[in-house]
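Student: Listed here are the chains, written in short residue letters.
Protein chains: 2
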Amino acid sequence: MSLSVPRASGYRGTSLGAFESVWSSKRCFSVSGMRKKELRAMSEEELGGIKVQQERLMRDIHETCEWGVGERWGSAPTETGMSRLSLSDTDKQARDWFVETTKTLGCTVTTDAMGNQFAIRPGLKDGPPTVAGSHLDTQPTGGRYDGILGVTAGIEMLRTLHDNDIKTTFPVGVVNWTNEEGARFPISMVSSGVWAGDIPISHAHDLKEVGTGTATMKSELQRIGYLGDIACSHEAMPLAAHFELHIEQGPILEAENRKIGIVQGVQAYKWFTVKVRGADCHTGTTSFSHRADALLAASKMIIYSHRAASRKGALASTGILTLKPGSTNTVPGSVDFSLDIRSPDDSIVEAVEADCKTAFSAIAAGEDIDNLNTSFTPSSKSCTVSWRTDSNSPATRFHPTCISCVSETTKALFGEKQEELTKAMTSGAGHDSVYTSKRVPTTMIFVPSRDGVSHNPVEFTKPEDCATGAQVLMGSVLRYDLLRGEGKV
Amino acid sequence: MSLSVPRASGYRGTSLGAFESVWSSKRCFSVSGMRKKELRAMSEEELGGIKVQQERLMRDIHETCEWGVGERWGSAPTETGMSRLSLSDTDKQARDWFVETTKTLGCTVTTDAMGNQFAIRPGLKDGPPTVAGSHLDTQPTGGRYDGILGVTAGIEMLRTLHDNDIKTTFPVGVVNWTNEEGARFPISMVSSGVWAGDIPISHAHDLKEVGTGTATMKSELQRIGYLGDIACSHEAMPLAAHFELHIEQGPILEAENRKIGIVQGVQAYKWFTVKVRGADCHTGTTSFSHRADALLAASKMIIYSHRAASRKGALASTGILTLKPGSTNTVPGSVDFSLDIRSPDDSIVEAVEADCKTAFSAIAAGEDIDNLNTSFTPSSKSCTVSWRTDSNSPATRFHPTCISCVSETTKALFGEKQEELTKAMTSGAGHDSVYTSKRVPTTMIFVPSRDGVSHNPVEFTKPEDCATGAQVLMGSVLRYDLLRGEGKV
Chain L
1 MSLSVPRASG
11 YRGTSLGAFE
21 SVWSSKRCFS
31 VSGMRKKELR
41 AMSEEELGGI
51 KVQQERLMRD
61 IHETCEWGVG
71 ERWGSAPTET
81 GMSRLSLSDT
91 DKQARDWFVE
101 TTKTLGCTVT
111 TDAMGNQFAI
121 RPGLKDGPPT
131 VAGSHLDTQP
141 TGGRYDGILG
151 VTAGIEMLRT
161 LHDNDIKTTF
171 PVGVVNWTNE
181 EGARFPISMV
191 SSGVWAGDIP
201 ISHAHDLKEV
211 GTGTATMKSE
221 LQRIGYLGDI
231 ACSHEAMPLA
241 AHFELHIEQG
251 PILEAENRKI
261 GIVQGVQAYK
271 WFTVKVRGAD
281 CHTGTTSFSH
291 RADALLAASK
301 MIIYSHRAAS
311 RKGALASTGI
321 LTLKPGSTNT
331 VPGSVDFSLD
341 IRSPDDSIVE
351 AVEADCKTAF
361 SAIAAGEDID
371 NLNTSFTPSS
381 KSCTVSWRTD
391 SNSPATRFHP
401 TCISCVSETT
411 KALFGEKQEE
421 LTKAMTSGAG
431 HDSVYTSKRV
441 PTTMIFVPSR
451 DGVSHNPVEF
461 TKPEDCATGA
471 QVLMGSVLRY
481 DLLRGEGKV
Chain E
1 MSLSVPRASG
11 YRGTSLGAFE
21 SVWSSKRCFS
31 VSGMRKKELR
41 AMSEEELGGI
51 KVQQERLMRD
61 IHETCEWGVG
71 ERWGSAPTET
81 GMSRLSLSDT
91 DKQARDWFVE
101 TTKTLGCTVT
111 TDAMGNQFAI
121 RPGLKDGPPT
131 VAGSHLDTQP
141 TGGRYDGILG
151 VTAGIEMLRT
161 LHDNDIKTTF
171 PVGVVNWTNE
181 EGARFPISMV
191 SSGVWAGDIP
201 ISHAHDLKEV
211 GTGTATMKSE
221 LQRIGYLGDI
231 ACSHEAMPLA
241 AHFELHIEQG
251 PILEAENRKI
261 GIVQGVQAYK
271 WFTVKVRGAD
281 CHTGTTSFSH
291 RADALLAASK
301 MIIYSHRAAS
311 RKGALASTGI
321 LTLKPGSTNT
331 VPGSVDFSLD
341 IRSPDDSIVE
351 AVEADCKTAF
361 SAIAAGEDID
371 NLNTSFTPSS
381 KSCTVSWRTD
391 SNSPATRFHP
401 TCISCVSETT
411 KALFGEKQEE
421 LTKAMTSGAG
431 HDSVYTSKRV
441 PTTMIFVPSR
451 DGVSHNPVEF
461 TKPEDCATGA
471 QVLMGSVLRY
481 DLLRGEGKV
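Note that the protein sequences, when read in sequence, are chains L and E.
The opening residue of the first sequence carries number 1 in full-length UniProt numbering; numbering runs sequentially from there.
The opening residue of the second sequence carries number 1 in full-length UniProt numbering; numbering runs sequentially from there.
Here chain L stands alone, though its shape is the one from the complex (with noise of 0.2 angstroms):
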């Protein structure tokens, strides 16, 4: 399905004015003669007529997306990734923009010492608020759905309560969380990091943007005015629940025909990077017997980790690798590369870990590991292995009852297809969900990527698939306010 936004009238090509008048005349309400009406007091038939609007939802994500637009990927007006780096001029006009639509949904709208957004709205009762968070930065070269689906669809569902006038028995909100990309200020999901309590708020003020720049995380946010008064803190900023919609930004959903993944908890994951040492020597003097060849030692590592990886079910990836000197005709006596091993289990990412490590040492010393030396010259020089641990995630474990809200919010949106239609799946990446489920229940709804394409331009989720996901969100988070209502959680 292509996008369902009407091409025909202005759409193309147009500025943000044309979006506006476009939906302007559009604005309808899908629930009628529910005004004013309690949460609490809806039937189960009640509460999944309450619908959230496609075209509205896709409508703020282009129309926020036109603050940062990045490398064009097809020749339609959206057909183009973001670069929308955390606390630059482009994420300001979007924290604007988030305060301002916000407020007109009857939201009170605080900004913490980390830049981080707090939209609540107030409830029957007063109390933490249960809310749907992600993040409006992107990568440089990101796509238009990574982090600004949640928040967007966190706003859908603040539009979809205002219209339909919805009490909900305690407040509800949306979390806009700054540099969760840590594109830009290097450290990933810093903010909620802070709020956690896992991160020193100094460490986090401090960090410089990556580059030849000399902004610090605390300057960039006192120049676009989004240094808060309050304590970035769980505690000075509690929250009920926190429920994240992201795109899943790998393969399954899609290749499963599977609309919705129920998300239990984010794999564990250790980031090393391995350096070989061996000696530089010319290509053509040097014969194999002579020769501690870094290169083809670490080709034979990172074959060996995928394979110790894939027998035990977990992943290991190499992204970066450098070496040294760098010349056609000169052996590298020098390389360094990462390695990311990842498994729902931390126990397994230690036994991979474990595995390489001694497979790794045995390879630099020239032995036969796993017939990768098989047929090979032999050499009478062996190259030496070091690993440094960069990164130590462990795994993290959503909350039952978080994950029960979405299951069963699925249950009632696909009915008996329910089972077909959904997946329980674990997160590979790490989510500002990681941080808030240490203080707070928490879990994350995905919907499908298309080709598991993900931190790139042409990152794409079709329409439906993200008014599902939005639709799937507040169920979520209205499931959760019954439930507290009930005194249940």
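Please note: incorrect hints may appear among the correct ones.
Identical chains blur together in the list; that is why a pair holds if it fits in one copy or across any two.
Claimed, not checked - Capping the alpha-carbon separation at 20 angstroms, the derived lysine to any residue pairs in SDA-like fashion look like this:
1) K438 x R223
2) K312 x T358
3) K411 x Q264
4) K381 x E66
5) K125 x P238
6) K324 x G182
7) K488 x S404
8) K208 x D165
9) K167 x G48
10) K381 x E254
11) K417 x N392
12) K438 x I187
13) K411 x K423
14) K423 x H290
15) K270 x L413
16) K324 x G70
17) K324 x V458
18) K324 x R258
19) K324 x D451
20) K275 x I320
21) K103 x K417
22) K270 x D346
23) K208 x S327
24) K312 x S379
25) K275 x K357
26) K411 x G211
27) K275 x G326
28) K125 x W73
In case anyone wonders, no lab produced these hints; they're calculated from the structure.
Just so you know, these numbers come straight off a predicted model, no measurement behind them.
Based on these hints, arrange chain E on the given structure of chain L.
Tutor: Frame of chain L; chain E shown alone:
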């Protein structure tokens, strides 16, 4: 054996003036009673009695290496590398020394339009000279022996002939070829290539220096005063034969305790850039079965090339590997790597290339080649691979008469130990002799390199080995002159 120059008497850390004072007091002639002797009238025993002087040779090497001192690797004054890029100010100083020194030894010095310097010592008869040639330029992080030994040993030959007043039948001489390294102006052996008629002089003159500078070979030749009047051509400056003494740049002679490599030719090589294309994806969210991992495929290819070359007794090496996008949590979708295939036999290079081309395509397609996919999780996605040929240098066979001159000289020098102390070898690297061999009888002589290290500051050849090489170089040149005098060549 350590450096045999006296260290207690002002050598360590002293200026060139101190060198001079040390060495002036050591001038002596090893062949007395042979003054004004004609070479052609000498007995084999007398010929063997003409000896180069190790200490004088080492003085020339270390004294001239004051121009272009590189990275220090030890505490002694000579324990530094070299950084004397072609046509730099320090190269000019070395060239000036070449002219002055060889003139005092009775030579006529000619500079051609590529700055190649020909120092010619007259013989009893006119005719093209039999020369010892190599180069005085170095890599930016090079050593003291590559190229420099060949030229200074040629000058030591001139000094020995001069001091003993020996008349050769035809002229003999020494050549300093310009920019052999290709380090500053990016074609190796470019000036012997122009001399041989293989490279147009306009192309060579227009070569721009690497890096950010704007100088060309011609502008730098003009600037330092070495743009000669005569054409750079084997016709304008004919040679009778070319002998080149060089460090092995490999570990074989040292490993086998041999002193002289009798070089039979230069192996063939082809250089390629192999481009592997898969798809970027997230390391955490993409299962192995959905990946097109360009680095994993490239790792298998690198290992395969090593095996394929090993099976044929050839060499295959990867010295450069670049990947995109280069992030720990992104599987690289794009890898380019260099592949350097060498063998003394052209047909073997072609066979390894053909084998790799077939296998790399199969590896990219995900087939199990050579058990490299054993116990992998197969992927439903595949990579593509393409090849670009960057260089193609067929095998060079040196001239049997020149090789015989070297062999006979080592027999006279080593006696019954000749077989034990020499080895027939193929040069793995290219040299100016590759180009001279296209026009005149040519061969090379190798001496051991410590640990096979070259193009590196720690490059080292023992003084006694340098002197042995110089002795064999001189003997070979003189034997060739004798054969010419006898009308045998």
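Student: Flag every earlier hint the structure violates by its number, smallest first.
Tutor: Numbers 1, 4, 8, 11, 15, 18, 21, 26 and 28 - these are the hints that the structure violates, sorted from lowest upward.
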